[in-house]
Amino acid sequence: DAKTTQPPSMDCAEGRAANLPCNHSTISGNEYVYWYRQIHSQGPQYIIHGLKNNETNEMASLIITEDRKSSTLILPHATLRDTAVYYCIASYNFNKFYFGSGTKLNVKP
Amino acid sequence: DTEVTQTPKHLVMGMTNKKSLKCEQHMGHRAMYWYKQKAKKPPELMFVYSYEKLSINESVPSRFSPECPNSSLLNLHLHALQPEDSALYLCASSQGRIDPIRNTIYFGEGSWLTVV
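In the order they appear, the protein sequences are chains W and S. Each residue of the first sequence is one higher than the one before, starting from 1369 at the first, in my numbering. Each residue of the second sequence is one higher than the one before, starting from 25 at the first, in my numbering.
It is worth saying that the hints were derived from the structure and are not from the lab. Even glycine gets a Cβ: it sits at the ideal position worked out from N, Cα and C. Check before you lean on any hint, since a few could be wrong.
What the hints assert, rightly or not - Computed beta-carbon distance windows for the label pairs:
1. G1397(W) / R54(S): 41 to 51 angstroms
2. R121(S) / T1424(W): 43 to 53 angstroms
3. L1448(W) / K62(S): 22 to 32 angstroms
4. L97(S) / N1461(W): 32 to 42 angstroms
5. A63(S) / Q1413(W): 18 to 28 angstroms
6. T31(S) / N1461(W): 40 to 50 angstroms
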């Protein structure tokens, strides 16, 4: 599975868009990009995943570059409840789902 | 219903004790997982069961013994643990399909284990 690299922490003002980057330069053609988040002391929560097209759901948008070497998770209007650690994972096989170090997003009032 | 239920939420055990963590899901998922998470670290994969058979063991010490009695249940038997095994243990499940589109992994809230 491709290794992913994320900044250790980011700040975002409440109500503004949070853009969380992820680098996965060694991603292979059949690996999907998944995003999960973990709010303090809770289990990880699925957010979104995609292969090469941009994806949007009720929680977030996922933008994947054309060469698939990086992606950005966008939370359009961050709230204090979005403060969490966000994990970007590249995987094609349900047997092999490994978390990287993640980004701690701090949403500030 | 996308719920994975883990019990107990908190467990304190001595190094000579034998205890078990339990996990249950009723989503019809055929893959179940155990992860271990230390404070301020990402979850680490321990075991994967696929269709009730152990498919992945990430070189986990034998003092951790997983068991999958049926497709809805997953246990983690604990024996002769060390204080450094204290962590959050997360259970997860997925459909277990090769097709990633339908293979979202859902996590429980975890069991906090303290070994004294």
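Now the hints, each set against the structure:
1. G1397(W) / R54(S): 41 to 51 angstroms: violated (26 angstroms)
2. R121(S) / T1424(W): 43 to 53 angstroms: violated (23 angstroms)
3. L1448(W) / K62(S): 22 to 32 angstroms: Roughly 26 angstroms apart at Cβ, these two residues keep to the hinted range, so it holds.
4. L97(S) / N1461(W): 32 to 42 angstroms: Roughly 23 angstroms apart at Cβ, these two residues miss the hinted range, so it is violated.
5. A63(S) / Q1413(W): 18 to 28 angstroms: For A63(S) and Q1413(W) the Cβ distance comes to about 19 angstroms; the hint holds.
6. T31(S) / N1461(W): 40 to 50 angstroms: For N1461(W) against T31(S), whose Cβ atoms are near 29 angstroms apart, the range 40 to 50 angstroms is violated.
Going down the numbered hints, you'll see the structure goes against 1, 2, 4 and 6, while the others check out.
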